[in-house]
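**Student:** Read off the chains here:
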Amino acid sequence: MDEVKYSLKDYKSDLKPIWCPGCGDYGVLNALMQAFVKLQIPPHQMALISGIGCSSRLPGYINTYGFNGIHGRAIPLATGVKLSNPDIKVIAVGGDGDGFSIGAGHIPHAARKNIDMTYIVMNNNIYGLTKGQASPTTPVGEQTKTTFYGNMDEPINPVRMMIAYKASFVARVFSGDPKNAIEVITQAIQHRGFSFVEVLSPCPTFRGVEQFKLIREKVRHLPEDYQPTDEVRAFDIANDNDFIRLGVIYRQDRPIYTDIMRKMQQVSEKMGKPEILNLLKQFEP
Amino acid sequence: MASNNIVIGIAGSGGDGVISAGEILVNAASSDGLFVFMLKSFGAQIRGGESSVRVRMSSEPVATQGDKLDILVVLSWKDYLKFQSEMLLEDHVVILSDSEDSFSEENIPIPADKLKNWYKVPFNQLATNAAGTSLAKNIAMLGVISELFNLPKTALEKSVKKKFSSKRDDVIEKNLNALKAGRDYVKKEIEKKDSVLFEYTPGDPRIVMEGNEATAFGALYAGVEFYAGYPITPSTEIMHWLSVYLPRYNGVVIQMEDELASINAVVGASFAGRKAMTATSGPGVSLMSEGIGLAGMAELPIVVINVQRGGPSTGIPTKTEQADLMQAIWGSHGDAPRVVIAPSDVEDCFDCTVLAFYIAEKYQLPVIVLSDAFIGHRKESINPNRFRDLKYGFKKINRRITPTEKELEDYHRFKITKNGISPVTWPGMEKGMYQAAGIEHNEKGFPSSDVSVHSRMTKKRWEKFREIKREFSFERFYGPDDAELGVIAWGSTKGAVKEAVARANANGIKVQAIIPQILYPFLIQPFHDFLRHKKRVIFVEMAYAGAFRRYLRGFVRFGDFGVETVSYRQTGGAPFTVGQIYDKIVEEYEKKDA
Chain A
15 MDEVKYSLKD YKSDLKPIWC PGCGDYGVLN ALMQAFVKLQ IPPHQMALIS
65 GIGCSSRLPG YINTYGFNGI HGRAIPLATG VKLSNPDIKV IAVGGDGDGF
115 SIGAGHIPHA ARKNIDMTYI VMNNNIYGLT KGQASPTTPV GEQTKTTFYG
165 NMDEPINPVR MMIAYKASFV ARVFSGDPKN AIEVITQAIQ HRGFSFVEVL
215 SPCPTFRGVE QFKLIREKVR HLPEDYQPTD EVRAFDIAND NDFIRLGVIY
265 RQDRPIYTDI MRKMQQVSEK MGKPEILNLL KQFEP
Chain U
39 MASNNIVIGI AGSGGDGVIS AGEILVNAAS SDGLFVFMLK SFGAQIRGGE
89 SSVRVRMSSE PVATQGDKLD ILVVLSWKDY LKFQSEMLLE DHVVILSDSE
139 DSFSEENIPI PADKLKNWYK VPFNQLATNA AGTSLAKNIA MLGVISELFN
189 LPKTALEKSV KKKFSSKRDD VIEKNLNALK AGRDYVKKEI EKKDSVLFEY
239 TPGDPRIVME GNEATAFGAL YAGVEFYAGY PITPSTEIMH WLSVYLPRYN
289 GVVIQMEDEL ASINAVVGAS FAGRKAMTAT SGPGVSLMSE GIGLAGMAEL
339 PIVVINVQRG GPSTGIPTKT EQADLMQAIW GSHGDAPRVV IAPSDVEDCF
389 DCTVLAFYIA EKYQLPVIVL SDAFIGHRKE SINPNRFRDL KYGFKKINRR
439 ITPTEKELED YHRFKITKNG ISPVTWPGME KGMYQAAGIE HNEKGFPSSD
489 VSVHSRMTKK RWEKFREIKR EFSFERFYGP DDAELGVIAW GSTKGAVKEA
539 VARANANGIK VQAIIPQILY PFLIQPFHDF LRHKKRVIFV EMAYAGAFRR
589 YLRGFVRFGD FGVETVSYRQ TGGAPFTVGQ IYDKIVEEYE KKDA
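Top line first, the protein sequences correspond to chains A and U. Residue numbers for the first sequence, in the working numbering: 15 to 299. Residue numbers for the second sequence, in the working numbering: 39 to 632.
It cannot be assumed that every hint is accurate.
To be verified - No farther apart than 25 Å at their CA atoms in a straight line, the calculated lysine-lysine pairs in the PhoX-like style are these:
| # | chain 1 | residue 1 | chain 2 | residue 2 |
| --- | --- | --- | --- | --- |
| 1 | U | Lys400 | U | Lys456 |
| 2 | U | Lys456 | A | Lys103 |
| 3 | A | Lys23 | U | Lys469 |
| 4 | U | Lys231 | U | Lys205 |
| 5 | U | Lys469 | A | Lys30 |
| 6 | A | Lys23 | U | Lys444 |
Derived by calculation from the structure, the hints in this document are not laboratory data.
Could you build all of it, start to finish, from the sequences and the hints given here?
**Tutor:** Next comes the structure, spelled out in structure tokens:
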């Protein structure tokens, strides 16, 4: 391995998280920084992009370039950064409300374009920052601030949705299982293309400490021999109601957007890059 | 009536080649050095339906499409009916129509006295005989009118050749035959009973541009590197043009899933250090409002072009209006400073876009360019040399300022400076890591809900306005300073105002017009200077609620100057005519004397 140049403290910002004690997001922050150390990404070569929500505060806690944008728009914001500077590692982070409710329209497009970025969604099945309303992943029947008589809506299954959108890397981890989380997030960042990681990140404040326990009971790592390239198998895993499977559930290799973009630029360059004023010729009568 | 200024209107069905004919005519006139102005009008259909063009050509500069038609060519009476209110006729109008049109003559909605110079010509048959296809009937028609009215002839041939240059040789040949057949028909079959004749001396060739092309070209000239957008009429040609040319200059054009995504991608690109823009129309700006506020808060330069259309809501997508002024200035939430610039003709579309990038990059804020369908979709002839050595091109300011080595030792991205501008870094730069945010932040970029921080940072963001007002002043004045009657207008109504004022002054009516280019921040002094001698001013705007007048009254105390204000406004669709504004000037001038 190369010389270790960057350690945890290089990635840590001066800002203290405002998350509640016991929040799953601490685990995500830690796993993310550990992945950076493993990958030795120079902090200035990274951009962490987020929308709005508890989890979207995360970029502020890491010492890289960061952008805490507006609700639901982390993905297009990150797309703009990535296409402007393809050498930068771009990581979008956010929560289930930010990503799957207001921002849901952007996900299929980043996935189908295969924008080379990592999207980490900290799923706690609730809106935390606005203090406890139902989110798109809140289970049916649950009482929240906006579902007094029980949640009526079928929850989104993020992994299944992402496989359906042909995201080229789909994984799930648990913030209470740091070893696996670090490993999978590291792979996600290394993946060339749009990589998605759902992090089960419990909210002790609005979902109670028992959420941790419930998840811990249901999670299982994927079998050793699991092949994530089989889409049908991946759907089976996503649909599994008995256990919540952790690991890289689906992956495929296909060209990334910036590679295609560069090819297109090469084709257009062959058509010439005239001095700009020479373009006026096309307007001659 | 021999004149060096002639207005021709052509109306027909989608497949009649009406717009092609207009383009060929405009190119011919431009290549002979004439000043031209072409306005297209069509319904919202995709193919077929009705379409029309108005072409004005003159050996003197022209600022509008002309009020009334000297010549009307009707390829289909049924389709002409849809444009009747847009295509007003001179008393001496000459009408040409297809003799094979089955439309019943008694239903033609033109008074008999305007039908006295009416030629019925078998355009279809001429084309079929000469070119073997009725598709060339628009070309045969050009042959007829060029012969009948002395329009540029050699240039017209050249222009037809150019139009079909990508086709096989025999296609060019067939069209030239159609053109000749049209001419021969006039020589042999028409006994000229009208007196309309065009007279001109050829000059140096001029180029022909549409407003949206000029905007796109201006963006490229200013060094745009990133474009994200979503198609919307009438702005889409900007994206079309850039998607051809921007990649050749290593730039990126990306079609996003909606306007929300577009504006955020643009903000992201700007955060990454690129000169970034989008173009849309009013409904798109509505969706982008939150993102525009984000750019304001994060102090990132972006350029947003709004090619306005008739509103509200979906409104009339293919027609023009000036009703997005308040949206441009105040749209988005919070105290979110942005600069608003309004181009007033095709050349201005270029200038304003270049200027927009200059201001955005220098002052690190969003700049909105308020174009509209009237300038976006029209063609004008332009002297090609005017694009050299522009004041605010990329040579002048290439990019936002970056911090010095010393400043990087303890970098404060949002450092409070005297003029509000602080040096900026972007991902990839080794030392200047910072957090951009839509959330209020301190000088370092860290989130803060401290009211004193909010107060200081808000002030910082607005401080830029003071500097911008110092650096720029873009008003255009027409007419004598000491006139007691004034006209105030903005954007695309300039052309009609300019010609109306010139006509009034020529007729001994003293009137002066002021047209501001930068609408926000508002520059009071030029208006105060303008008002010094005025007793009465007319606001001209293509917006029913009169937003411009209301806006200006917030800054200028017209009453203190003893100035009476009059609002002259109409809804969008058909742009103002010179005659309308002239009549209003006369009306108000006479009131003043009374």
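**Student:** Run every hint past the structure and note whether it holds.
**Tutor:** Quick rundown of the hints versus the structure:
The hinted pair formed by Lys400 of chain U and Lys456 of chain U meets the criterion: a straight-line CA distance of about 14 Å does not exceed 25 Å. The suggested pairing of Lys456 of chain U with Lys103 of chain A is violated, with an alpha-carbon distance near 35 Å, which exceeds 25 Å. For the given pair, Lys23 of chain A sits about 16 Å from Lys469 of chain U by alpha-carbon distance, which is consistent with the 25 Å threshold. Distance restraint check for Lys231 of chain U and Lys205 of chain U: the Cα-Cα separation of roughly 38 Å exceeds the 25 Å cut-off, and the hinted pair is therefore not satisfied.
Note on Lys469 of chain U and Lys30 of chain A: the hinted pairing holds, with a Cα-Cα distance of about 21 Å set against a maximum of 25 Å. With a C-alpha separation of about 24 Å, the suggested pairing of Lys23 of chain A with Lys444 of chain U holds against the 25 Å cut-off.
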